[in-house]
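These protein sequence lines map, in sequence, to chains Z and L. According to our numbering, the first sequence holds residues 1 to 346 in order. According to our numbering, the second sequence holds residues 1 to 265 in order.
Don't take each hint at face value.
[What the hints assert, rightly or not] Okay, the calculated bits of chain L under chain Z, using three or more residues with CB under 8 Å as the criterion:
| id | region |
| --- | --- |
| 1 | 82-95 |
| 2 | 115-127 |
[As the list claims (entries may be wrong)] Derived contacts from chain Z toward chain L, CB cut-off under 8 Å, selection only:
| id | residue |
| --- | --- |
| 3 | D243 |
| 4 | A245 |
| 5 | R246 |
| 6 | G249 |
| 7 | A250 |
| 8 | P262 |
What the hints contain is simulated information worked out from the structure, not anything from laboratory work. All values derive from a computational prediction rather than experimental measurement. Note that the Cβ used here is the ideal one computed from N, Cα and C, for glycine as well.
Take a look at the letters that make up each chain.
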Amino acid sequence: MSMYSASRTVAFPQSAEEGAALEGHSLSLPASIRAGGVGVFASVMWVGFGLSCLLWPDLGDWSRTHELAVAAFIIAGGVLAATASGKLLGRFGRGLQQRAPWLLVLGLFLSLWEVATAKFAWLPLPFFPPPQAIIEVYTDDLPKLLESVFASVKLQLGGYAIGAAVGFLTGVSIGWSRSVGYWVHPVLRFIGPLPATAWLPFAFFTFPSSWSASTFLIALATGFPVTVLTWSGVASVSNAYYDVARTLGARPSFLVLKVAIPAALPHVFVGLFMGLGSSFAVLVVAEMIGVKAGLGWYLQWAQGWAAYSNMYAALLVMSLLCSSAITLLFRTRDRLLVWQKGVVKW
Amino acid sequence: MVAHAFAEPIIYPAVGASLDVEHISHAFDIDGSVLPVLDDVNFGVKPGEFIALLGPSGCGKSTLLRLVAGLEAPRSGVLREDGDPVTGPFPSRVVVFQDPTLFPWRTVWNNVALGLEAQGILKSQRQRVDAAIDLVGLSQFRNAYPHQLSGGMAQRVALARALVNDPKILILDEPLGKLDSLTRITMQAEIVALWQRKGFTTLLVTHDVEEALFLANRVIVFSDRPARIKADIAVDRPYPRHRGDPELAELRRNILGLLGLDATW
Numbered sequence: 001m002s003m004y005s006a007s008r009t010v011a012f013p014q015s016a017e018e019g020a021a022l023e024g025h026s027l028s029l030p031a032s033i034r035a036g037g038v039g040v041f042a043s044v045m046w047v048g049f050g051l052s053c054l055l056w057p058d059l060g061d062w063s064r065t066h067e068l069a070v071a072a073f074i075i076a077g078g079v080l081a082a083t084a085s086g087k088l089l090g091r092f093g094r095g096l097q098q099r100a101p102w103l104l105v106l107g108l109f110l111s112l113w114e115v116a117t118a119k120f121a122w123l124p125l126p127f128f129p130p131p132q133a134i135i136e137v138y139t140d141d142l143p144k145l146l147e148s149v150f151a152s153v154k155l156q157l158g159g160y161a162i163g164a165a166v167g168f169l170t171g172v173s174i175g176w177s178r179s180v181g182y183w184v185h186p187v188l189r190f191i192g193p194l195p196a197t198a199w200l201p202f203a204f205f206t207f208p209s210s211w212s213a214s215t216f217l218i219a220l221a222t223g224f225p226v227t228v229l230t231w232s233g234v235a236s237v238s239n240a241y242y243d244v245a246r247t248l249g250a251r252p253s254f255l256v257l258k259v260a261i262p263a264a265l266p267h268v269f270v271g272l273f274m275g276l277g278s279s280f281a282v283l284v285v286a287e288m289i290g291v292k293a294g295l296g297w298y299l300q301w302a303q304g305w306a307a308y309s310n311m312y313a314a315l316l317v318m319s320l321l322c323s324s325a326i327t328l329l330f331r332t333r334d335r336l337l338v339w340q341k342g343v344v345k346w
Numbered sequence: 001m002v003a004h005a006f007a008e009p010i011i012y013p014a015v016g017a018s019l020d021v022e023h024i025s026h027a028f029d030i031d032g033s034v035l036p037v038l039d040d041v042n043f044g045v046k047p048g049e050f051i052a053l054l055g056p057s058g059c060g061k062s063t064l065l066r067l068v069a070g071l072e073a074p075r076s077g078v079l080r081e082d083g084d085p086v087t088g089p090f091p092s093r094v095v096v097f098q099d100p101t102l103f104p105w106r107t108v109w110n111n112v113a114l115g116l117e118a119q120g121i122l123k124s125q126r127q128r129v130d131a132a133i134d135l136v137g138l139s140q141f142r143n144a145y146p147h148q149l150s151g152g153m154a155q156r157v158a159l160a161r162a163l164v165n166d167p168k169i170l171i172l173d174e175p176l177g178k179l180d181s182l183t184r185i186t187m188q189a190e191i192v193a194l195w196q197r198k199g200f201t202t203l204l205v206t207h208d209v210e211e212a213l214f215l216a217n218r219v220i221v222f223s224d225r226p227a228r229i230k231a232d233i234a235v236d237r238p239y240p241r242h243r244g245d246p247e248l249a250e251l252r253r254n255i256l257g258l259l260g261l262d263a264t265w
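Between the sequences and the hints, there should be enough to build the whole structure, so can you do that?
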């Protein structure tokens, strides 16, 4: 058919392009519908998820199936309403539109999960509990879960703050002073690379409480990368900066506080990021082994009682917490390092 | 912004300091061997004079500037500012380096404020920072970060950061060496205008004979390393100077001859 089109020179590919453009055009005719198209599909998918809860009987004894279906319908309605009134909602509406594909995939995933576990048990129970079982944990075991979250956050914050502060000060001292470097550097090389978890047995019988022992371990895990990166940051500051500051009348304290430290900050944040990662690992291990509270302990306890839905629920919470901590760190960095070009957005 | 100063007669307000370079010798230890860089350098600078130091690359001119700035102490000899020996860096002698070396984490304003902040007088003297930024014509960029500036703008900020301290001796270590030729010509005129207006003593290290002759009262020509003074040439021409001035061309030929490059001219 394209052979007879007006443009004969490169008729075939051109007509194909035209066809694609036309198709795109016809799709974009009612612009609002096209923009909200994915939102509508997402809404439909969530309705599907709700129906998947109700259509077949549960294979097990779960009390929240009905509520879950209702929640799915409410979310579907919400997505649909927000899509329809996208312009009115401003930033929220645009954000929703951007995330609509994800909402769609999430709805699909939940439907499959529901069908594969609660309805037909394609995945073996009890190792793979259905969504409603996890919801049940959040509604029925909330106090214990919150208590664990609180304990973990407290332990983590204390240990991380101590480790970061000590690591930062040590790093600046080694980077700045040759004599401090002479004494501290060998100790750092000897102790630092040892995984903090290797200290577990030692820490738990040396420290007066399991809480102080874990704080020490978390601080250790945080402190090593922060020290090394701060040190390398301070050591790599160009001498030209010091020369400039000195000719302008800067005293040594100014050189440390206003030249060395700001110049080293990008390195320091890499250290803080690495320290955060390794301190999470230590936190969970310490809670599993020694501390009688926290999410690590909750995981261990849930596994011991074969309460797999509690385990998944705790994992989910833990991942949210760790991710938020990293987000917070990156936000702080972006705020402090606006002067840098092209920093990675988390 | 500074062009109007061109028409003014040469005046030397008593802001500049005198500088005496008395029998300065200096050397570096490199892998156990001693590398002499300055050999009995001896000259005096009157308050408000503009001295250009010319010499082959790597001959030790920049080292001499570091000694004058007080960043290093000479192996022998004495440097005197207004008769007092130089013992260390002091904000009356400020250096502008070849690289602007602005602090990337500070805005233009905060970079210029560096000296006053380091001396602990910024709180009462904030208007001096604004004035210095205006002087180099960058008031629109006071909140910009260094990575947002062009090379010429960055070097202007470096100049403002030096001038805000009201130096008695301004030390310029090839400050225009890395700029494109158009920006360089503009900034040469600006430096002359600032110098005439402020009256500080200026020491300029440069490789560019024409630049030295366009700017300086005196051109001191150094030998190869270790640097010795080969010639001390007065450039007795009124400002503003013109690059086509036949007398400057004659001086240029002489100087290139001293540097062994007259065959190319």
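Each hint, compared with the structure:
| no. | hint | verdict |
| --- | --- | --- |
| 1 | 82-95 | holds (count 6) |
| 2 | 115-127 | holds (count 4) |
| 3 | D243 | 6 Å, holds |
| 4 | A245 | 6 Å, holds |
| 5 | R246 | 4 Å, holds |
| 6 | G249 | 4 Å, holds |
| 7 | A250 | 4 Å, holds |
| 8 | P262 | 5 Å, holds |
Hint violations for this structure: none, all hints satisfied.
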